[in-house]
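Chemist: As a plain string of letters, each chain reads:
2 protein chains.
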Amino acid sequence: MKKADLSHVKALTIDVFGTCVDWRSCIEKALEEAIDVSPAPDYAALAHKWRQGYKEAMQHYASQEESIDPYPNLDDLHRQLLDNLLDKDPEFSHLSTTVDDSTRIKLTQAWHHLTPWQDTNPGLASLSNELGLVTSTLSNGNMRLLVDMKKFAQLPFDIILSSELFGTFKTNSKVYQGAARLLGLPPHSICMVATHLHDLKAAKANGFITAFIPRPKEDKQVLDDEDFQYVDVVADNFVHLAEIFRK
Amino acid sequence: MKKADLSHVKALTIDVFGTCVDWRSCIEKALEEAIDVSPAPDYAALAHKWRQGYKEAMQHYASQEESIDPYPNLDDLHRQLLDNLLDKDPEFSHLSTTVDDSTRIKLTQAWHHLTPWQDTNPGLASLSNELGLVTSTLSNGNMRLLVDMKKFAQLPFDIILSSELFGTFKTNSKVYQGAARLLGLPPHSICMVATHLHDLKAAKANGFITAFIPRPKEDKQVLDDEDFQYVDVVADNFVHLAEIFRK
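For the protein sequence lines, the chains are G and Z, in the order given. Quick note on numbering that gives the first Met the number 0: the first sequence kicks off at 0 and runs consecutively. Quick note on numbering that gives the first Met the number 0: the second sequence kicks off at 0 and runs consecutively.
Since the hints were derived computationally from the structure, they do not count as laboratory data. Predicted model, so just to flag it, every value in this text is computed and none were measured. Just to be clear, a hint being listed does not mean it is correct.
Same chains, same names: a pair is fine if it fits in one copy or spans any two.
[Stated by the list, open to error] Cross-link-like lysine-lysine pairs, in silico, BS3-like; alpha carbons within 25 Å at most:
#1 Lys150 - Lys246
#2 Lys149 - Lys9
#3 Lys9 - Lys105
Construct all of the structure, not just a fragment, from the sequences and the given hints.
Modeler: If you want it as structure tokens, here you go:
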């Protein structure tokens with residue numbers, strides 16, 4: 000892997016779910032607390048399938064050329080996916096009557112209250128305050144969801160940018176190009192940071208610098224030769240990423 | 000003035016230039032440092048006319064029904080207005096050859112580095128952290144200008160919203176309606192905070208709660224009966240505004 004030139008980077012656009020916050024542990028815990036039955040269902044499998052449905056919906060939306068109208072609200076989408084699992088999935092439909100409407104509302108809201116990885120807040124603070132970089136979210140979460148999450152988890156982002164502003168979802172090019180436009184920077188002055196390789200691949204195709212942060216149970220953690228063609232930087236976590244930029 | 004019901008307010012959309020930052024002193028000082036000639040020009044008058052040109056441009060743009068395309072960059076606008084003053088205004092055109100290109104670039108950049116009023120940061124921090132309100136900019140400054148200003152002045156905003164996101168400028172209704180949509184809130188749950196009455200009047204016409212903060216040399220500071228029809232709250236400053244919300 001050649002050493003990436005980071006001297007032109009002025010801003011970081013950062014994925015949130017998985018990259019900054021530990022959605023998996025939080026959602027598994029929320030499910031465990033909300034669905035207190037015996038025998039206990041496989042909470043990890045339920046969380047995984049819930050997220051899987053979200054990923055498939057994002058891929059479907061991102062592939063559409065036209066702006067998505069009406070633009071979906073992620074709370075509505077999360078609720079609909081949860082209903083599908085609890086009412087129709089062979090593994091979980093026995094829970095249908097047990098999990099009532101108010102519990103489902105509470106579970107859907109759990110996506111607003113995810114906790115950061117231990118390195119996220121100190122790393123983001125160094126990147127912004129000490130190194131003077133503009134730190135921005137660039138997430139498929141809608142603006143309101145992101146601001147709630149920022150407040151709850153005290154994520155020290157300078158600015159919140161969401162796919163919502165561009166009428167589509169990552170990995171559609173409009174999201175990366177729109178972010179560059181709003182940041183007033185050429186793409187090669189922006190580094191996309193994510194734990195998901197498809198996000199970095201799309202950012203690189205739009206001229207961004209890319210940084211990969213592996214996270215437990217998110218995507219694959221060992222890169223092959225093809226991945227390294229579009230990954231410029233690999234950092235253990237946000238504190239390590241700040242060290243790399245400091246050099 | 001009847002007592003406004005603030006119990007439904009979940010977010011504040013806040014004007015920045017004049018309301019949060021003391022543009023006048025900063026720009027006067029920047030002009031004084033950059034244009035060191037004898038006899039000294041009237042820096043206060045130059046700053047005032049520069050800002051006046053900006054206000055007239057905003058009014059012109061805001062009155063257009065269609066989205067503004069291409070959307071103006073405020074740096075370009077500030078530079079063009081400065082050039083007009085220094086090259087064509089009878090009071091200042093003797094400075095035309097004295098103020099070179101690099102000085103004009105530096106002066107234009109001064110709008111990114113304005114200092115907050117003394118009450119702004121502690122007041123905003125209380126409103127966000129202690130009272131749990133979402134604090135958002137809602138400014139005609141473009142996104143990049145606002146994030147630079149946020150970082151420079153350490154303004155503790157939760158989220159940055161700019162007229163730029165809506166393809167027009169305040170006081171066009173699209174700005175207030177767009178902000179409500181992105182915040183995921185009905186207008187009566189949002190309080191527009193500004194030192195400019197035309198901004199509050201437009202926000203009220205779009206269903207917002209409104210808070211007026213008088214600032215030295217900004218607009219008029221004593222309200223008449225007509226103003227009070229669309230001003231719900233008058234606060235001395237942001238610390239006082241937090242006190243009003245705390246009650």
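Chemist: Does each hint hold? Answer for all of them.
Modeler: Each hint tested on the structure:
Taking CA atoms no more than 25 Å apart as the test, Lys150 paired with Lys246 passes between copies only; the shortest distance there is 22 Å, against 31 Å inside one copy. Taking the closest pair of Cα atoms, Lys149 and Lys9 come within 25 Å of each other both inside a single copy (22 Å) and across two copies (15 Å). Taking CA atoms no more than 25 Å apart as the test, Lys9 paired with Lys105 passes between copies only; the shortest distance there is 19 Å, against 39 Å inside one copy.
The structure shown violates none of the earlier numbered hints.
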